[in-house]
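I would like the entire structure built from these sequences, with the hints used as guidance.
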Amino acid sequence: MVSEVNTDLLGFFVGGLFGAALLLSGLALPDKIIGTLRLKDFHAFRVIGVFLIVGMLGVWFLDMAGIAHFSIKGANLLSNLIGGALLGIGFGLTGYCPGTGLAAAATGRLDALVTVVGMFFGALAFIFLYPVIMERIEPLYNYGKVTLDDVTVVPRAVWVWGLVVVGTLLLWLTRPRHAPAPKPYETGEHPGQTAAVPPVEQPVQTSLTPPMELTVEEKPLPQEPLAQEFEQEMPEDEKPFGPDETEEPLM
Amino acid sequence: MLRKYVMKAPMTWWAGGLMLALVQIFAVAVQKPLGVSTQFVVADTYALKALAPDYVETHQLISKEKYQKIGYGWWLNIGLIAGALVAGILAGRCRLQTTTVWWRATYGHSVGARLIVGFIGGFLILLGARMGHGCTSGQLASGWAQLSLSVVPFTIGLFVCGMLTAFIVYRKKPQIEQ
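From first to last, the protein sequence lines are chains Z and H.
FYI, our numbering numbers position 172 of the first sequence as 172, with every residue one higher than the one before it.
FYI, our numbering numbers position 89 of the second sequence as 89, with every residue one higher than the one before it.
Simulated from the structure, these hints should not be mistaken for laboratory data.
Incorrect hints may appear among the rest.
Unchecked claim - Quick partial rundown of chain Z residues pointing at chain H, CB under 10 Å, derived from the structure: (1) Glu-4; (2) Ala-20; (3) Ala-21; (4) Val-47; (5) Arg-109; (6) Pro-139; (7) Val-153; (8) Leu-169.
Stated by the list, open to error - Each pair of labels, with its calculated beta carbon distance range: (9) H:Gly-71 x Z:Lys-145: 47 to 55 Å; (10) H:Ser-110 x Z:Pro-131: 36 to 44 Å; (11) H:Gln-68 x Z:Thr-168: 38 to 46 Å; (12) H:Ser-110 x Z:Leu-39: 22 to 30 Å.
Claimed, not checked - Now the stretches of chain Z that chain H is said to cover, found in silico as 3 or more residues with beta-carbon under 8 Å: (13) 53–66; (14) 70–82.
Quick reminder that beta carbons are idealized off the backbone N, C-alpha and C, glycines included.
Pasting the structure below:
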């Protein structure tokens, strides 16, 4: 009995660390997950990348040291694929998965709480559907509880280091590029400013070009006051906006 | 006041990923790889036991001891909730919220629709997780850690469907704090 209580306490401790890590890393922030699935904000992708790469290496070292407690899941490839697909649809709809849903609900997100309630019903549906569906699709493409190095001739070390290289490459490809461009153009939150920006430069530049003075004959009297008005008024009103907005994307 | 931009995560990407990986390594060293979704079935089994004990005892799956015992995995989830709450308070991220920034960018302040979509999503998440033999923790993270064969089709299904769904549902991009 003592050991069982200790196991429960251990579970609580590991869970506490996991929950804190999920929240602090940003995986329990649904906006970060959706940003990654939309390929617009790679923070969550990079967190998952480091999580998987370092976890894979660490677990491999534990395995070689003989102190790893493995729990390999059954490779019923069709049910793995269908399950992953259904989970993916839910993941893309909400930005949550079971662990992050619980964590997000704990930090006051009511939508996550409703998602967790949906999860209990999803589990209930699984219980009811299990005798009907799972008994039929589980035997399809069933390889048992095997690892990648079991089913291929490639040794585990090659798999691990190969995946480390692939993962590092993906991290490099998704590295943050500091371009503040999305602010006015993509959100469209300041349509007035975006519309005003491009035309500002053109009148300023054309008014300063020398060809105007070269055509002496084409200078009738009424045009002079108009040109003066433009030169005096335009820069004062619109110059401050022009350089600020146009220089930003170049940075 | 509802936020209009996506805030930074409390930790940088490498620190957050490293912390998660260390938790995983610790879990594998002391007990078994991380997993969350099984316990939803355990909770439902307890509820069904009270309502229809005969059904539970004759069921091919939930009659197994694994689904009738509250132990390590259950307390891991309780700990997860507590850990997220404490970390959320310390990081100043505990706020009552009903929608997300990405949701508001496309659908405005439609709370009801968000909750309905959230419920449907939660339903699919757990149904899929159990059919695929694990969720993002128990299958994706732990599967890659152990290099199980099952993680390959699972990962393909998860990210292909996740991205397709997100591209259909979240059409407008909010501002994102870098």
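Hint check:
For Z:Glu-4, the shortest C-beta to C-beta distance to chain H is roughly 7 Å, which falls under 10 Å, so the interface hint holds. Given the 10 Å rule on beta carbons, the hint for Z:Ala-20 holds: about 4 Å separates it from the nearest Cβ of chain H. With its C-beta approaching chain H no nearer than about 4 Å, Z:Ala-21 sits inside the 10 Å limit, and its interface hint holds. Hint status for Z:Val-47 relative to chain H: holds, with the closest Cβ pair at about 4 Å, below 10 Å.
Using the Cβ-Cβ criterion of 10 Å, the hint placing Z:Arg-109 at the interface with chain H is satisfied: the shortest such distance is roughly 5 Å. A least Cβ separation of about 13 Å between Z:Pro-139 and chain H goes past the 10 Å threshold, and the interface hint is therefore violated. With its C-beta approaching chain H no nearer than about 14 Å, Z:Val-153 sits outside the 10 Å limit, and its interface hint is violated. The closest approach between the C-beta of Z:Leu-169 and any C-beta of chain H is roughly 16 Å, which is over the 10 Å cut-off, so the hint fails.
Taking 47 to 55 Å as the suggested C-beta distance range, the pair H:Gly-71 and Z:Lys-145 does not conform, at roughly 21 Å. At roughly 38 Å, the beta carbons of H:Ser-110 and Z:Pro-131 sit within the given window of 36 to 44 Å. A hinted range of 38 to 46 Å for the beta carbons of H:Gln-68 and Z:Thr-168 is consistent with their spacing of about 44 Å. Remark: the range hint 22 to 30 Å for H:Ser-110 to Z:Leu-39 is upheld by a beta-carbon distance near 25 Å.
A stretch counts as covered by a chain when three or more of its residues have a beta carbon under 8 Å from one of that chain; for the region 53–66 of chain Z and chain H the count is 7, and the coverage holds. Only residues whose beta carbon comes within less than 8 Å of a beta carbon in chain H count, and the region 70–82 of chain Z has 13; three or more means the coverage holds.
Checked against the numbered hints above, the structure violates hints 6, 7, 8 and 9; every other hint is satisfied.
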